[in-house]
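We have chain A; now place chain B onto it with these hints.
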Amino acid sequence: MIWKRTLLLFLLSITGLAFETSVFGRATLVGAKPELLLLMVVAVGMSEGPAFGATAGFVMGLSTDLVLQLPAGVSALTFTIIGYVVGRVRAQVQSPGAWLPMVMVSVATFLGELFYAGFNRVLGEHFGALSVLRAAVLAAAYNCLLTPFVFPIVRALAARLRPRAAEVGL
Amino acid sequence: MSRAGEMIRMFDRSKRVRWLLVILIVVSLAIITIDYRGKGNGPFEKIGHVALTVLSPIQHGLVTIFRPIGNFFAGFTEVPGLRARVSALQRQVAELRAGENSVAEVQRENDSLRRLLGIRDRYNLDTVAAQVIGVSPSNFERTVFIDRGSRSGVKKDMPVIAGDGLVGRVIRVGPTTSEVLLLIDRTSAVASRVVSSGETGLLEGDGSEVARLELFNPDAKLAVGDRIVTSGYDRGLFPPGIPVGTVVSAPPAQSNLSRVVEIQPFVDFSSLDYVLLVVGQTAAATPSPTGSAVP
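Keeping their order, the protein sequence lines are chains A and B. Going by our numbering, the first sequence opens with residue 1, and the numbers climb by one from there. Going by our numbering, the second sequence opens with residue 1, and the numbers climb by one from there.
The hints are simulated quantities; they were obtained by calculation from the structure and are not laboratory data. Ideal Cβ positions, reconstructed from N, Cα and C, are used throughout, including at glycine. Please note: incorrect hints may appear among the correct ones.
Under 10 Å between C-beta atoms, here's a sample of chain A residues computed to sit facing chain B [unchecked claim]:
| hint | residue |
| --- | --- |
| 1 | Thr21 |
| 2 | Thr28 |
| 3 | Gly49 |
| 4 | Phe58 |
| 5 | Ala72 |
| 6 | Ala76 |
| 7 | Ile81 |
| 8 | Tyr84 |
| 9 | Arg88 |
| 10 | Gln92 |
| 11 | Ser95 |
| 12 | Ser106 |
| 13 | Glu113 |
| 14 | His126 |
| 15 | Phe127 |
Next comes chain A alone, as it looks inside the complex (with noise of 0.2 Å):
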């Protein structure tokens, strides 16, 4: 049934950037941007676990990196990994509570950026230390709040494109 995940990715990545690009990139917080797809990994993460968070966190993250041409393969290994890790993290917790996805997020979100940044200037490419911090503080705020709204919409679609077989952990 693997057809349900990949329609689940397409949809995901194609509302995803849609709204990042056209919705959010006008409707800045503090002049910050919210890091949509980025939610949409960690939501995915923590209902699918690590292994398809990490596949949905190479496919989304390799989409944002196409389409807005940034550098090919940094969104994807910060999203690949962001991906794994959560989905690890949520199968340790034994009785979460509601503000777990929130705090995921958020850290997630604020981690990713850092990550994100770091490995550009790797690359060549020169972030503001202070701006960086700035931008990975308020995306990640931003994210918090967008939480309530986004995350059980990813995670009822991903429960209902969710193939018989599969495992959450797996």
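Relative to chain A, chain B alone:
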């Protein structure tokens, strides 16, 4: 099923997941390497064009539907930044009320298009009009997407202007859409000139709303409020005399080599609706040497 058997299965599953992670990381690193060596002309560039073309109709539809909501939300989230502008805006509101009772959306759009036509005629530019259909969501890049591409004659590096002045240049062209690098992006550089003194320099963005002008002459005389236009020096990308912005901060030179001052662009990049792509400049082009046509 025995407990030991269950643990072995879990161990195998965990091992497979780790292998998957390793493979995805290796593939990502391979893509980064190929793209880095391709320097913007690799296979991923073409795939990006196709993806952007697929996405553009959805973007266009979403912008039409959500722009009012997005604008409202943008205003709501930028409250801290707006406070400083409240007093200035109140003065403007009083002036506007004296002249007219209401400003409708159609009127605003009409004004925007009139300014576009005005700047085109003023500088004798051959242009193609385009609508902004999207903004880069990245916190590190300042670009916008427009609804004109190679089918409309758009080419890479074409200058882009708005009614108030220079916007930037085209950096990527698809069949029906293009991406424009704003002059406030970190990687943007525009050869510019101070209107009052004629001193030249390089205008660079730093990702914020304000740009920096590095003057070639550290002893150049200029003051806050001086206007900056494109120099068009040495047959550069941009036609000469296009309004760029005004000096908002002019500290003394920090070294003997150059002097850096802050420039507030004329264009409000947060509310770009329509732009013009400069296809060429007619032979009769005679931009005012004093930049008097600057808004």
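Quick rundown of the hints versus the structure:
no.	hint	verdict
1	Thr21	holds (4 Å)
2	Thr28	holds (6 Å)
3	Gly49	holds (8 Å)
4	Phe58	holds (5 Å)
5	Ala72	holds (4 Å)
6	Ala76	holds (5 Å)
7	Ile81	holds (7 Å)
8	Tyr84	holds (5 Å)
9	Arg88	holds (9 Å)
10	Gln92	violated (13 Å)
11	Ser95	violated (21 Å)
12	Ser106	violated (15 Å)
13	Glu113	holds (7 Å)
14	His126	holds (8 Å)
15	Phe127	holds (6 Å)
The structure is inconsistent with the numbered hints 10, 11 and 12, although it conforms to all the rest.
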